[in-house]
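Asks: Sequence:
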Amino acid sequence: MATNDALVNLKRRCSTIRAAVTRFVAKVNEVPQYTNIDYELQRLEEKAEELNSVDKEIHMLLTDVEYEQDIVDCEKYEDNAKLTIFLAKKIREGSDKLHNHEYFGCLRSFDTYSNASDTLLLKT
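Numbering (our numbering), first residue to last: 97 to 220.
Hints in this document: simulated from the structure, not taken from any laboratory.
Wrong hints could be hidden among the right ones.
Unchecked claim - Quick list of in silico lysine-lysine cross-link-like pairs, BS3-like style, CA-CA up to 27 Å:
id	residue 1	residue 2
1	Lys178	Lys123
2	Lys152	Lys172
3	Lys172	Lys107
4	Lys186	Lys172
5	Lys123	Lys185
6	Lys107	Lys123
7	Lys107	Lys152
8	Lys107	Lys178
9	Lys178	Lys152
10	Lys172	Lys185
11	Lys186	Lys123
12	Lys123	Lys172
Given the sequences, and given the hints that come with them, work out the whole structure.
Replies: Right, dumping it as structure tokens:
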């Protein structure tokens, strides 16, 4: 019973962290309009690390079948967070490959995420 309670609590915590990751990704995606990009980027990195840690704790309590189902969602959040962090840093550094501060949108809604080729949209 204690294991089930721990799993429920971890999943609740995970849900809260995922919401924060989604919020920070959206704010970082507003580059260059958003002026606090360094702060939002730092918070996104912290939340991504925290989410990874909680996911590992959850995975230790799941059955093999549950693990296989959960890992897909975890990878979506991790991939989107990492891609957003990478692109935001490139924009902040003024990378020529990203056209020095052109607007980019590197995240589609987590609910509609389905195709890796749809994750990066650059406007030139």
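Asks: What are the numbers of the hints the structure violates, in ascending order?
Replies: Checked against the structure, no hint fails, so every one of them is satisfied.
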